[in-house]
Structures are given as structure tokens and as C-alpha cells.
Amino acid sequence: MEQVSADDLLAWIREFARLVAENRDALTELDAAIGDGDHGANMHRGTTAVLAAVDGAAPAAPGALVKKVGTTLVSTVGGASGPLYGTFFLRLGTALGDAATASPADVAAALRAGVEGVVARGRAEAGDKTMVDALLPAVTACEEALAAGRTWAEALAAAAEAAAAGRDATTPMVARKGRASYLGERSAGHPDPGATSAALLLAAAAGTLAGGSR
Amino acid sequence: MKKLINDPADVVPEALAGIEAAHPDLRVDHANKVVYRADAPRSGKVGLVSGGGSGHEPMHGGFVGLGMLDAACAGEVFTSPVPDQVLAATRLVDGGAGVLHVVKNYTGDVMNFEMAAELAEAETGARVVSVVTDDDVAVQDSTWTAGRRGVGVTVLLEKIAGAAAEQGRSLDEVADVARRVNAGGRSMGLALTSCTVPAVGHPTFELGEGEMELGVGIHGEPGRERVPLAPARDIAAMLVEPVLSDLPFDRGDRVLCFLNGLGGTPLIELYVLYNEVHRILTGSGLDVARSLVGSYMTSLDMAGTSVTLLRVDDELLSLWDAPVRTPALRWGV
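So the sequence lines, in the order shown, correspond to chains Y and L.
Just so you know, the numbering used here puts 54 at position 54 of the first sequence, and the rest follows in order with no gaps.
Just so you know, the numbering used here puts 28 at position 28 of the second sequence, and the rest follows in order with no gaps.
Wrong hints could be hidden among the right ones.
What the hints assert, rightly or not - Label-pair restraints from in silico Cβ distances:
hint, chain 1, residue 1, chain 2, residue 2, range
1, L, A17, Y, A126, 45 to 53 Å
2, L, S245, Y, E154, 56 to 64 Å
3, L, S170, Y, A165, 48 to 56 Å
4, Y, A165, L, S43, 53 to 61 Å
5, Y, A188, L, I5, 35 to 43 Å
To be verified - Chain Y stretches covered by chain L per the calculated footprint, using a threshold of three residues with CB under 8 Å from any CB of chain L:
hint, region
6, 65-77
7, 83-95
8, 177-183
Rather than coming from a laboratory, the hints here were simulated on the basis of the structure.
Just so you know, even glycine gets a beta-carbon here, dropped at the ideal spot from N, CA and C.
Please take these sequences and the hints and turn them into a complete structure.
Laid out in C-alpha cells, this is it:
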């Protein structure tokens, strides 16, 4: 049975950091349209700090590794994204516990716990035009694919696809949370920056987390 | 961009170093960007911690001192401080009687302070209570937004709750006073120009020579509407009327009137406007028991103003009048 190791998770984190760096200016432009224009810079500062924190000193257990990612993001990102992404990884780490490896079902359950943490921290619901609109459908798609007996790689691909669709679905939405909400109707017509970076997180997972089964 | 700075990247740490050099009563934790009272922690006294994005000076670092805040956390310009900073500040001022966090209602600020409070309680056992300010009446549809923004009332709350803490009241009592201030205060702001964030280098938004932004936020967020430039007497009415009708304030109410400058408006203009505001308030049958006029909660170099009215009673007035010794507010000592 395939298992997800700390190395797989580390590859995921590195790929996410690479995608954030690559999309830094695009995220900032999206945020300038409906927020305060610092999402790209804040996320890039955070993922850069994460790379520095895990470089050569990455914890050996999956749970400890993602917890370190979470605490680093909380300490460096600021704004709303810091607590939200930080909470996601901290809850993920708590759910993975101390085990040396995790099964795909364990990781799917941990992703669910992470998303629930984000929902609780941000008090956002589906349809509020936030990162929740990308994360929730992604986790659901992952769970459903595993329940239907599909492979771990297929489940991750389904999650990434659902996150991208969820990101696209935020475009016509009117924001009800965060600084974009003060724009009211004027927030419609732009994808949400948080949902966009969350889709990058799932895209990174699809390319890396099933590493052990390749 | 013309600014009295060295490097845009160093504005926040260099300003903190300046505060420390100018005010021997204060200390700065440079690693955590926290300004705190040199005599902290005070045993048995409730600690007051606030903070937020930089660019609103003198808020919050200029309100640290006897009778007001014990510590203030400085975030990047217009960006909330992170939980580590708030946790460090909470540890610095916890004298065993608990710590009150004063938080302005912005999504990032609320979440970062919330995480810090959880960490403080888990790691140090300190009891933390948070009070969130949300007095900006420019945000009308608070159900479908992140809620009303915390603006001018924050300054009044920090003074009044700070006095209550200085008297040795318990954490719950200080928090009650703070909540009463937020519940009884309302504000409305107006911009004549945009501000320029040092790291950005150009104005946040464009405002024509003949235009004003009514209901603007303190980070240059859009307001209720863009209106033609008007004389001070008309501006006073545009600001005061939505405030009066919101609480609502009634004839005979005693109020504290806080006329705030947003950073780029000279005091002489604030007094021209205060004259008009005072006339409207007394004409509406309000008793203006106290006033505060000056630039205390700014938006960098934005020209503009905000009006805050706070309904007061004998207790709140006596706390307002109590001694305070901070860089920005100083009386009775």
C-alpha cells in the first residue's frame, strides 16, 4: 500500500513555494484589483521563509514538518493570509500526528482538518469569495475519488482540478469577507487572490504528493 | 515620491528606533517591533496591548505610557502585526492581572491577535481578553462585509481603558469599560488626497483636484461616495449627520468630540472644521463635554479628517480626565 512520506510533503512545499514565486506579481495584481495589493508579496515572503526553515533542517516526520511550515507562515506572512495558511498547515500537522508515514486516507483526512481550521479561523463559508471556495471542493473531490477506489495520484489530480474550478467560480462572486467586501458589487468580475493561491497549493500537491507511487 | 526617509524598506524599524531615542520612558523590542513601557510589567495591573499596521502614527506606539497602553506592536505599513509580535508584547506586560488586547476590526488584525491570544494562554497561562473596535459608520452593509472598520474610537478607548487599568481595576472591569466606549462611539472620515505608501512610491488612489472621498478608510480603502470639493461648513455636515443618526445621539446627550487629522491636513484647518462641527453639535442639543483636536490616527500623508463622537457619562469623563503620560497624549502629570 502506498504511503506518503515526509520527503513527499517536503517536495509539495517546495513546489508550492516555486509556484508562489512564479505567480507573485500575478497574485499582487489580482489583490490590487479588489484588496490591498500585498497578497503576492506577503505569500512570497512566507514561502521564502519556509524554504529557509526546512532547508537542511526539515523534521523527519510528516506531522512535525507541516507544523513547522505552519508556524513559519504565521510568523512571516502577516495580514489575513498568514493566520489562514498557518492554521491550515498547523491543523494538517496535528491530524498527521507523530507517525513516520501517512496513508492517502490519512492525508485526505488531514487536508479536511486543515480546511476546517481555515473555515473556523476566517469564519468564511462557501460562496464568500475566499480561499475556502478553492479548498473545500478540492478536499471533497479528493475524498470522493479515494472512496471510489481511484489511485492516490488520481485523487490528487481531481483535487487540483476542483480547486482550479473553485478558483474560477469566485470570479462572478461578490466578496463577503476580508477587505474586498468593502467594495460590495465592485468586487465581482475578479477572481479571489486567496482562492488563486490556494489553487496553486493543490496544483503543487498533484505533482508531488503521490511521489511514492510513481 | 518625496519623503523624509532613508530606504523605504527601513521606515518601520528606523521610526521605532527614533521613538526609543526620543522617549526615555519607553523601550523597544526591535526583534519583535514592540514599543513598551520601561516599567513593564506592573505587578497586579492589567496590561493593555494594542497594535496594527504602521502608517497611522502616533497610533499605537505614541499611546504607550502611564495611563494608556503598556505595549504596542508595529506591523509593516498598513499590514497587521503577526502573532509572534503580539505574543511577545503580551509577555512583556503581563503583571499577573491579565492582558487586554485592543484590536481594530480588520480581518488580518482580528485573526493575528486571536492566534496570539490562543498562544499566550497556552504557553504562559496569561489570561487574555480582546476588545474589537468597529465604529466606522461609512460601512453601511455590515452584515455582508467584514463588518465596520475600527477607526477613531480606538484612540478614545485606549485612553479610557488605560485609565481604568491604571486605577487597578480587574481585567473584566477594564474590558467592560472598553466595550462601553466602543458601543457608544461612532466615526466618519473624509479624504482630500490619497496617501503614498513608502514601499509603493505612488499614491494609492487618484482623486481629482475638485473631488473628495467621503467615508474613506484609514488605508485608502474606498468610501461611501466621491463628491465635489466643498467648504468646511458643508464637510462638517456630511461627516456629523451620519454619525449622529447612527447611534443615534439624542438631545441632551453629553459627548466627547474627537476631530482627527489624517496626516496631511494642518491643525489650522482642523480648527476651522471643529468650529463648524461644534456649531452643529450644540445646535442639535448635544452637550460637548470634552474635545480632542489633532492628528492622532493618521493614514501616512493623506489630507483629510475624521469625526468621532463618544457618548459619555461621569465615569467615562473621569477616566478621560485621569492622568496620562505618553508621547502623543499627556495631561494631569
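Hint check:
Taking the beta carbon of each, L/A17 and Y/A126 are about 46 Å apart, inside 45 to 53 Å as hinted. The hint said 56 to 64 Å for the Cβ distance between L/S245 and Y/E154, and at roughly 59 Å that hint holds. At about 52 Å, the CB distance of L/S170 to Y/A165 agrees with the hint of 48 to 56 Å. At roughly 58 Å, the beta carbons of Y/A165 and L/S43 sit within the given window of 53 to 61 Å.
Here the CB-CB span from Y/A188 to L/I5 is close to 38 Å, well matched to the stated 35 to 43 Å. Under the rule that three or more residues need a Cβ within less than 8 Å of chain L, the assignment of the region 65-77 of chain Y holds, with 4 such residues. Residues of the region 83-95 of chain Y with a Cβ under 8 Å from some Cβ of chain L number 4, which satisfies the need for three, so the listed coverage holds. For a cut-off of 8 Å, the count of residues in the region 177-183 of chain Y with a CB near a CB of chain L stands at 6, and the three-residue condition holds.
No hint from the list above goes unmet by this structure.
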